[in-house]
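> Residues in the sequence shown are numbered from 1 upward in steps of one, following the working numbering.
Just so you know, the hints here were simulated from the structure itself, not pulled from any lab data. On a predicted model such as this, the values are computed, not experimentally measured, just so you know. Glycine included, each C-beta is placed from N, C-alpha and C at the ideal position. Some hints here could point you the wrong way.
Pair ranges (Cβ atoms, derived) [said to hold, decoys possible]: (1) G201 - L55: 34 to 44 Å; (2) V94 - T68: 14 to 24 Å; (3) A136 - V49: 11 to 21 Å; (4) S82 - L55: 13 to 23 Å.
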Amino acid sequence: MAKGSRSRSQSDSYLRPGSDGDDEPTSGAGSPILELLVVFALVFVLQGVAYFAGLMGGLFVLAPPLVTNPWTIVTSVYAHSSFGHLLSNSIALVVFGWPVARATTRMRFHAFFVATGAIAGVSQIVVTAAVASVIAALPSMLTEQLPWVSVLSIQPTAGVLGASGAVFALLGYLVASNRLSTGLASFVTVPRWVSVLAFVGLALGLTFATASPGVALIAHFTGFLVGLLAGRTRLLAVSARDNNGRSPI
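With the hints as extra help, turn the sequences into a complete structure.
This is the structure we're talking about:
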């Protein structure tokens with residue numbers, strides 16, 4: 001922590017916009033990170049109850065068709081398939097989410113978390129179904145002559161749950177909005193399409209680097225890419241006028 005008048009945490013200082021006072025960090029007691037951890041735990045307990053009642057899938061698993069149980073677009077973001085899944089996402093949330101939370105308001109952080117998580121989950125369902133349909137429609141002769149097509153042969157995702165997509169979005173936001181990234185962007189001027197390609201490439205690289213059986217890769221890719229774009233535009237940045245005379249939401 002800096003001395004004198006610069007009393008805010010380092011994580012806040014490298015995320016906020018260039019002018020001083022643009023962001024007011026959330027307080028420790030009202031941290032959205034702690035609130036999310038509590039929600040994760042409560043939802044995990046409810047999942048156990050729902051499982052024995054035969055309601056687990058209908059309440060917490062995002063599955064096609066999406067219109068059947070539309071509430072799972074939201075509830076699936078906070079649900080987890082196992083304690084290990086819950087623990088890993090909780091640790092990642094603390095590591096990547098805390099600096100972001102310190103630079104925005106509780107309401108904006110929660111809205112960003114659930115929105116990016118929902119987008120990531122829906123993309124996993126929609127994209128895998130679309131790719132599987134396209135590949136299935138290809139002539140068998142073509143797929144035999146092009147072995148690489150078999151690599152893309154994926155089955156539509158039956159169901160998805162977990163906060164991984166939202167956590168990847170927080171990581172993307174953190175990467176694109178930190179002081180180093182902003183400084184480089186101010187010195188190097190590149191076309192917008194180059195920036196988009198760079199973000200897509202970075203998202204692809206991280207997605208495949210963290211790939212493992214049973215992991216929703218499309219959700220991870222989408223979450224990280226959305227986070228990068230949001231971080232580049234400082235979507236969660238709070239102006240001084242937003243917090244003038246009152247505490248962060």
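> Compare the structure with each hint and give your call.
For each hint, the structure was consulted:
{"no.": "1", "hint": "G201 - L55: 34 to 44 Å", "verdict": "42 Å, holds"}
{"no.": "2", "hint": "V94 - T68: 14 to 24 Å", "verdict": "34 Å, violated"}
{"no.": "3", "hint": "A136 - V49: 11 to 21 Å", "verdict": "39 Å, violated"}
{"no.": "4", "hint": "S82 - L55: 13 to 23 Å", "verdict": "18 Å, holds"}
Hint compliance for this structure: hints 2 and 3 are broken, all remaining hints hold.
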